[in-house]
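*Asks:* This is what each chain is made of:
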Amino acid sequence: MALDLSRWLPPVLLPPVLLLAAWEVLGRFDLVASGALPALSEILIRLWVDRADYPAHVTATLLASGAGFVIGNLLAVLAGLVFVMSPVAERLSRGVNIAIFALPPIAIAPILTLTLEGMTPRIVLAALGVYFVTMQATVTGLTQYDTRAADVVRAYGGGRGAVLRLVRLRGAVPAILSGFRVAAPNAVLGAILAEFGGGGRFGLGAYLLGSLGRGEPDRLWGIGLVATIIAGLSYAVFALISRRMLGASISLSLNPAAAPQVPMGAASPLLGLGAILMPFAVWWALLWAMQVPDMLGKTPWAVVDYLFLADTAPAARAKLLAALAETLPITLAGMAAGLAFAFALAVAGRLTPAFTRAFLPIALVTQTMPLVALTPLLVLLLGRGTAVTLWITISVTFFPAYVMIAQGIAQVPRAALELPRAYGATGWRELRLVTLPASLPWLFAAVKLTAPRALLGVMIAEWLATGRGLGNLLNQSRGYLDFGMIWTVAAVSVILSVALYLVAQGIERTVLRRMGMIRQN
Amino acid sequence: MTAPAGIVLSGLTKTFHGRGKSVTALRDVSLICPPGSFTALIGPSGCGKSTVLRASLGLEPLDAGKVEIGGQAPERATAAGITGVAFQDAGLLPWRSVTRNIALPLEVLGRDVGPAAGRIRDLIALVGLTGYGDALPGELSGGMRQRVAIARALVSEPRVLFLDEPFGALDQILRRQMNIELQRIWAETGVTTLLVTHGIDEAVFLADRVAVMQAEPGRIVDVVDIDLPRPRETALFSAPHFHELCDRIAGVLHGA
Numbered sequence: 430m431a432l433d434l435s436r437w438l439p440p441v442l443l444p445p446v447l448l449l450a451a452w453e454v455l456g457r458f459d460l461v462a463s464g465a466l467p468a469l470s471e472i473l474i475r476l477w478v479d480r481a482d483y484p485a486h487v488t489a490t491l492l493a494s495g496a497g498f499v500i501g502n503l504l505a506v507l508a509g510l511v512f513v514m515s516p517v518a519e520r521l522s523r524g525v526n527i528a529i530f531a532l533p534p535i536a537i538a539p540i541l542t543l544t545l546e547g548m549t550p551r552i553v554l555a556a557l558g559v560y561f562v563t564m565q566a567t568v569t570g571l572t573q574y575d576t577r578a579a580d581v582v583r584a585y586g587g588g589r590g591a592v593l594r595l596v597r598l599r600g601a602v603p604a605i606l607s608g609f610r611v612a613a614p615n616a617v618l619g620a621i622l623a624e625f626g627g628g629g630r631f632g633l634g635a636y637l638l639g640s641l642g643r644g645e646p647d648r649l650w651g652i653g654l655v656a657t658i659i660a661g662l663s664y665a666v667f668a669l670i671s672r673r674m675l676g677a678s679i680s681l682s683l684n685p686a687a688a689p690q691v692p693m694g695a696a697s698p699l700l701g702l703g704a705i706l707m708p709f710a711v712w713w714a715l716l717w718a719m720q721v722p723d724m725l726g727k728t729p730w731a732v733v734d735y736l737f738l739a740d741t742a743p744a745a746r747a748k749l750l751a752a753l754a755e756t757l758p759i760t761l762a763g764m765a766a767g768l769a770f771a772f773a774l775a776v777a778g779r780l781t782p783a784f785t786r787a788f789l790p791i792a793l794v795t796q797t798m799p800l801v802a803l804t805p806l807l808v809l810l811l812g813r814g815t816a817v818t819l820w821i822t823i824s825v826t827f828f829p830a831y832v833m834i835a836q837g838i839a840q841v842p843r844a845a846l847e848l849p850r851a852y853g854a855t856g857w858r859e860l861r862l863v864t865l866p867a868s869l870p871w872l873f874a875a876v877k878l879t880a881p882r883a884l885l886g887v888m889i890a891e892w893l894a895t896g897r898g899l900g901n902l903l904n905q906s907r908g909y910l911d912f913g914m915i916w917t918v919a920a921v922s923v924i925l926s927v928a929l930y931l932v933a934q935g936i937e938r939t940v941l942r943r944m945g946m947i948r949q950n
Numbered sequence: 668m669t670a671p672a673g674i675v676l677s678g679l680t681k682t683f684h685g686r687g688k689s690v691t692a693l694r695d696v697s698l699i700c701p702p703g704s705f706t707a708l709i710g711p712s713g714c715g716k717s718t719v720l721r722a723s724l725g726l727e728p729l730d731a732g733k734v735e736i737g738g739q740a741p742e743r744a745t746a747a748g749i750t751g752v753a754f755q756d757a758g759l760l761p762w763r764s765v766t767r768n769i770a771l772p773l774e775v776l777g778r779d780v781g782p783a784a785g786r787i788r789d790l791i792a793l794v795g796l797t798g799y800g801d802a803l804p805g806e807l808s809g810g811m812r813q814r815v816a817i818a819r820a821l822v823s824e825p826r827v828l829f830l831d832e833p834f835g836a837l838d839q840i841l842r843r844q845m846n847i848e849l850q851r852i853w854a855e856t857g858v859t860t861l862l863v864t865h866g867i868d869e870a871v872f873l874a875d876r877v878a879v880m881q882a883e884p885g886r887i888v889d890v891v892d893i894d895l896p897r898p899r900e901t902a903l904f905s906a907p908h909f910h911e912l913c914d915r916i917a918g919v920l921h922g923a
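Chains Y and F, in that order, are what the protein sequence lines are. The first sequence runs contiguously to residue 950 in my numbering. The second sequence runs contiguously to residue 923 in my numbering.
Please keep in mind that the hints were generated in silico from the structure rather than gathered at the bench. Beta carbons: idealized from backbone N, C-alpha and C, even for Gly. Incorrect hints may appear among the rest.
[Claimed, not checked] Example chain F residues on the side facing chain Y (calculated, C-beta under 8 angstroms, incomplete):
#1 L726
#2 P728
#3 A746
#4 E774
#5 V780
#6 V919
#7 L920
Please work from the sequences and hints to get the whole structure.
*Replies:* Have a look at this one:
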């Protein structure tokens, strides 16, 4: 069969086509979970039937994500500029940056919808989704400039400003554009999540929420499909723009500058302390600046009071600890399974490159699928038990980790790969000597990237499906209007997420330093 | 062309502090380049010759010593636009055309680029790149990029020219071609030139005087006068007196 097909199709298209065909057959005959997976044709027909519903929802989602994208990116580029020019500002803001990177959007969606009105929560969540990616890309772009070109400018009396204006800013454009590209789907996902968590009439998230209880898998799949397409298109648009804009102006040998080092000394521990305190100060300042009533908006101190000092504190603590005991183990287990699977597959793919080429596009497509849209579908397929949480966690960790490690392995210089071969080494030995050690930094980078996502996946699954753990506690407290608990869960899940990230980073540094391959980030 | 200015380096001293170990990059380096002269600075890798050049431009802070260009401190001289510079790597901005890359020093100096259009065209012709004004650096070969860097070094009508192994990355044939072109440009403009190189034949072919450096600590051990008549031509590379001079410098370099 496959042999006959390959005569008609380019080999790249073969796996997706086979996949779609299998999907159609499985769905057509209700082979999966008694009809939970509809055939592709059934989903498309349902999309056509529902076609009058979509424009209003899609427009609302596009508006919110578009506004969030613009605002978030503006702030991110400005912040990147400030951080590059002032290492002290960068060091001080590190806590806020990591918190924004790691925070599970689902945890703060209820807070945003409580304290902000109308479209604002959606825009804020979309902006939060793009900020870190673009800020990081801006810093990288501005830092890796050609020092020789900068020397030329300085040799004519140009100062820091002239170097920034003439060499670094324009040089950072490719990096910033690639930041936009990665950030674009994030904006869509953030907006949908806020729509989902915050009510409102229009938006794909609201549509999904309204359709959840009706037992119509074909509509849920249709919404998921549309959301995925929007997110995927937003990526494609910026991929196209950056290819158009860059053209011939890339290449040339580069003499990249080293990452800026914060001057070590007496000021350093003070800066570290400042970095830790800063997120709490920002939290406090935002509440104060927006005049949120005390009943709704809880300051850091109010959360401490709620958990440790008030009369109800022991009961609140017990609930929180019970939820954590449910959430944490499954987060770690799902993450470990997803990463191990991704690592094994990426390394195996090194031995069979054809497989990687076929698999990578599919992996990338699933990455743009919004998690909130994916979860109800997985519930349909897997039910509401632990399995669904585990699968969601594996899927959110597996794909980014796989893509990252596979790309990392692809970057191993040819010469390094060919050296063992030149001495007659077999594929396996070459793997052990070169590929495995070379891909380790990428594995760690993947751990850092996926740890916060794993927590997000678990919390969404708990909220939507299993009714356990932190996600459920958040959803319940929302129903009871228990504002103290809503803020507490939000704060705790952000701190937990940051802690997971920091642990991953700590292990990464230790191992890589021992192997002598510390990487600039 | 304005009158060339001289370079006076007196007692340059510089120590780099690494982890647990300090390297004396320069110890008491003194050198005088009279106005209009061509001086080559030669030495093994790591002897500090590039540091001398960077310090002369005020790019490298010194522990001790003084640099004067036309009687001015380097920071003032560079900001006044009386210096021109080309490094081993062309350091072109990949998004700017050849013309706009050559114009870069004018922009840094805050001068008007418009009126210089004619001179930039002449410079492009001078380095043999006529017709490439709108090309991007990525479309040029290594040798062509290096010639753009030379044109860029001349655009501010400098009175002093600093060249840091500008042809170091080129192959032998191209390098000799560039040497002849550089000699012609130097003769036409009369600009005081300090060339840092590790090629003995290049130094002897181009310079009036060759200052020889040695490493650890970086210092000038000898200054050899080159009494070959000008203009010098390719045939010189095989002349006996040329080789005598080369051998003499090699002798100093290797501590004989």
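*Asks:* For each hint, tell me whether it holds in the structure or not.
*Replies:* So, going through the hints one by one against the coordinates:
{"no.": "1", "hint": "L726", "result": "holds, 6 angstroms"}
{"no.": "2", "hint": "P728", "result": "violated, 13 angstroms"}
{"no.": "3", "hint": "A746", "result": "holds, 3 angstroms"}
{"no.": "4", "hint": "E774", "result": "holds, 7 angstroms"}
{"no.": "5", "hint": "V780", "result": "violated, 13 angstroms"}
{"no.": "6", "hint": "V919", "result": "violated, 30 angstroms"}
{"no.": "7", "hint": "L920", "result": "violated, 27 angstroms"}
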